[in-house]
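Peer 1: Please take these sequences and the hints and turn them into a complete structure.
Residue numbers (our numbering), protein chains in the order written: chain B, 1 to 251; chain D, 1001 to 1351; chain S, 2001 to 2325.
Quick caveat, the hints were computed from the structure, so don't treat them as lab data. Among the hints, erroneous ones may be present.
So, partial list: chain D residues that the calculated Cβ filter (under 8 Å) puts toward chain B [unchecked claim]:
(1) LEU1203
(2) CYS1211
(3) MET1220
A few chain D residues facing chain B, derived, Cβ under 8 Å [as the list claims (entries may be wrong)]:
(4) ASP1210
(5) GLU1213
(6) ALA1217
Straight-line distance between alpha carbons at most 20 Å, and here's what the computed SDA-like set of lysine to any residue pairs gives [claimed, not checked]:
(7) B:LYS91 with D:ARG1275
(8) B:LYS145 with D:ASP1210
(9) B:LYS145 with B:GLY82
(10) B:LYS91 with D:PRO1212
(11) B:LYS145 with D:ARG1198
(12) B:LYS145 with B:GLU167
(13) B:LYS145 with D:ARG1275
(14) B:LYS91 with B:LEU180
(15) B:LYS91 with D:GLU1213
(16) B:LYS145 with B:HIS81
(17) B:LYS145 with D:THR1223
(18) B:LYS91 with B:GLY18
(19) B:LYS91 with D:GLY1073
(20) B:LYS91 with B:ASP196
(21) B:LYS91 with B:GLY11
(22) B:LYS145 with D:THR1222
(23) B:LYS91 with B:ASP23
Glycine included, every Cβ here is placed at the ideal spot set by N, Cα and C.
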Amino acid sequence: MNDTASLTLRGVSRRFGGLLAVDGVDMHLPRGARRALLGPNGAGKTTLVNLISGALPLTSGSITLFGADVSREPGRRRVRHGLARTYQQSKVFSGLPVETNIELALIGADGGLWRALPGGRRSRARHERACRLAVELGLVEQMGKPAGALSHGGKRQLELAMALACEPRLLVLDEPAAGLSPSERQMLTDLLLRLDPDLTLLLIEHDMNVALAVTDSVTVMADGRVVAEGTPEDVVSSRLVQDLYLGTAHG
Amino acid sequence: MASDMTAGRGDQATLRRPWRAPRARTVAAVIVVVIAAAIPYVTSSFVFVQIVIQSLWMAMVAASLVFLVRFAGMVSLAQTGLYGTAGYVTANLSAIRGLNPWAAAGIGVLVAVALAFVVGMISSRARGVYFIMLTLAVGVFLYYFALQYRPFTFGFSGINGVRVPDLGPVPLSDPLNFYWFTLALSVAALVGLYTFSRSPLGLALQADRDCPERVEALGMSTTAVRVIGFTAAGAVASVGGVLSVWFNGQISPGSLDITRTVNILVVAVLGGVIRLEGAWLGALLFTALTAYVSNITNYYNSVIGLVYIAVVLVSPNGVPGLFTATARSLQRALLSSAPPRTTARPVNGEK
Amino acid sequence: MAVGAAPPTSRFPAVSRGRVLWTAGGIAVLALTVRELVAAPAVFVTTVLDGLTTAGLYFLVASGFTLIFGLLRVTNLAHGSFYLAGGYVGYSLREATGNWFLALAGAAVAVALLGLLFQLTVLRLVGGDPLRESLVTIGLSVVVADMTLAVWGGSSLDITIPPFLGSTIEVHGLIYSRFRLALLGLALLVGFGLWVLLHRTRLGMTIRAGVDDPLILATSGVNVPLVLSFVFGLGSLMAGLAGVAGGSYLSLSQGEDARYLLVSLLVVIVGGLGSVPGAVVGSVVVGLVQAFAQVHLPTYSVLVTFGVMIVILAVRPRGVLGGAE
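Peer 2: In structure tokens, the structure reads:
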């Protein structure tokens, strides 16, 4: 196994009918990288995340996770390589209690349903781990409540708890700060800064304060293509990126 | 993950799951056991056989539907077809081919479970109304199969003369013994389905109901989860099918036609699709309603259809929901000035 | 109507497997056609005609079903009962007046009114939850079945066809029933009428926009409840029409409601939910498969039809014309 690469994308493309939403993206994330993925709305960031996580099939290109080619694997197998993600719009199990949501993430991380089968019973240890994670992410007050009853911020926290429960080696977050209050944003930033240094992070975020505080490199996308890559300072000061964010999108 | 894990370690009390009124549950269980034990001795033989025993096997089929609706979000109209399949195989093997009735029943259940697996596979990608349509198509198809595949099903007249076997020295043809036997299977089905719903697989099934994408993103296969859930429910429905064939002594296409499908839906809706126990309550209400209404009018099917529509319209939680809603509004009216002491109770906490 | 756009080119097996299956299916159908044509051309032509006339009847039933689903998102599980009720009312009108066309029109209007009444009183109360709406309609089907049994009894009835359609027609030595051809004509006429309504009128444009995106309907300034009721009435009207046509072509009896509900389900499952072109494709597929099954495997025709549906579903879960998931 290649020890330095967490995620490698080569010529990754995705077509929706006549629209090339992601167009030949190459990306290389070394282990422990903290990468922000920036770009205007419609640049193809979320589509790229869906391609990486396997929620969408590739049109062409290849994806390598920790040295393994996963281009043809369905999303649920990519989890085994240590990939976890969150969604732009919170996707939680609204009818199940908060801690059970996390418990399910742990079941998935333990090797899925088949490992969980023997005896068919829920392990107490797993339940307690789920509860600890809930506490850690500030969801202690919410335990026992169905996830659907959580506030927007609470759902985002829960999403993050579920992703962290998988003990990922590569964590992909799709706008985790969207809709959070300033204090919640601060909590999120602190949490992201405390992550294991070995963990690789790919972060889509519009809030530059959050994004630049926790990442050490930036990829900028526009119209499905990578248009810039570099350190946060380089990229933010570049003319191109300022144009993009001012709306004069580069063709 | 190296993030700080010590934060919540000290506070064990908050980690424990909430424990809901065990005494109320025990009391309820004792009451149900006492009633179940007393029923054979306090009811007339008509009520006992035509209402109580009949409701028990209907409830098995309805419970499989309630399970699917409640825990998997699947409104399956194929449950009648599955129970009919188990019934037909049991009837054919024992009454026509002279196989040992227990073996026939076992094979019947196995065939129906295998069919449930296949139907689950076919419909695993369909959700919501698509799922209803597919399973209804399967159900109606099985009805036509029963009608048309004469070498096995004997067409319109069906298979008659199915005998109830003995359980060791106990003859199940005696209604009292059959009652206890069916009751035991009902309890086993109820416990089995609840155990399933709380197992990792059952949790994943509920998770799939809420957000299938997330289930995949957690490394679990939604198809596997749904197919297993559907098959488990199919097993319960098919046991109900065997019991129905033994109870009626015969099976015909009429046993799985659309009216029967609706009857099972009515039972599930009457019982409220919130708790599995509701299926037994719904079945009791349904058989009682049918028995008494058919005494008064020939149009009892219309009456049942209208009652069903009314329940769907008025109370999504079925008749129990109706009672709790009434009780709550009564309580509110009586105690309108008093502080709301018990309002935190869950809607279906009375069972 | 364009057959669904080909899926985007891909090197991955998930899509190409579908391709292989489609090609294999196409070759099988072609081979069977050639074999049939060589073996007995006259039988083949008659069977195709049978299939198409059956398809015509199925289109009449299923287009109403799919129209209602498309706009209201209600799977009207009482659609088969509307068919049966239409047939019975048509039978009584035909017996009373002696005029087949009057029976056709009268029954269609009567069923449209029944559908409207149900939509306005019961469905509106459920409001918006497609699952509960579907559950309510299945309750209606029980009531209608029971009521028709009470009024028209359990034995099967035939609607007498008009005398000038009662004979057969002969072309090149082929003898075929005039009434069946007229039925096919009626289906074509109704299909054309629907097309004109949906594509050439303002109301139709609104309906089509609403099928694509219910939000558009809500913001387009039309009286939404009125449009919904209109479509439900129209769908019911088609079921009533089909009932009279089917009751003259075959016969009416209890249990036919389930049969035509199954037909509607099969047609929309094959053709894709909510689209009228899909209903055309679905009816033709189901009609032809059933006609050939009736010739070769007369006892198990329903089973064969069902098998074909399962194969199609395995390849395209949303039907032949249904969009990709």
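Peer 1: Run every hint past the structure and note whether it holds.
Peer 2: How the hints compare with the structure:
no., hint, result
1, LEU1203, "holds, 6 Å"
2, CYS1211, "holds, 5 Å"
3, MET1220, "holds, 5 Å"
4, ASP1210, "holds, 4 Å"
5, GLU1213, "holds, 6 Å"
6, ALA1217, "holds, 6 Å"
7, B:LYS91 with D:ARG1275, "violated, 26 Å"
8, B:LYS145 with D:ASP1210, "holds, 15 Å"
9, B:LYS145 with B:GLY82, "violated, 29 Å"
10, B:LYS91 with D:PRO1212, "holds, 9 Å"
11, B:LYS145 with D:ARG1198, "holds, 17 Å"
12, B:LYS145 with B:GLU167, "violated, 24 Å"
13, B:LYS145 with D:ARG1275, "holds, 19 Å"
14, B:LYS91 with B:LEU180, "holds, 16 Å"
15, B:LYS91 with D:GLU1213, "holds, 8 Å"
16, B:LYS145 with B:HIS81, "violated, 32 Å"
17, B:LYS145 with D:THR1223, "violated, 28 Å"
18, B:LYS91 with B:GLY18, "violated, 29 Å"
19, B:LYS91 with D:GLY1073, "holds, 17 Å"
20, B:LYS91 with B:ASP196, "violated, 25 Å"
21, B:LYS91 with B:GLY11, "violated, 29 Å"
22, B:LYS145 with D:THR1222, "violated, 24 Å"
23, B:LYS91 with B:ASP23, "violated, 27 Å"
Checked against the numbered hints above, the structure breaks hints 7, 9, 12, 16, 17, 18, 20, 21, 22 and 23 and satisfies the rest.
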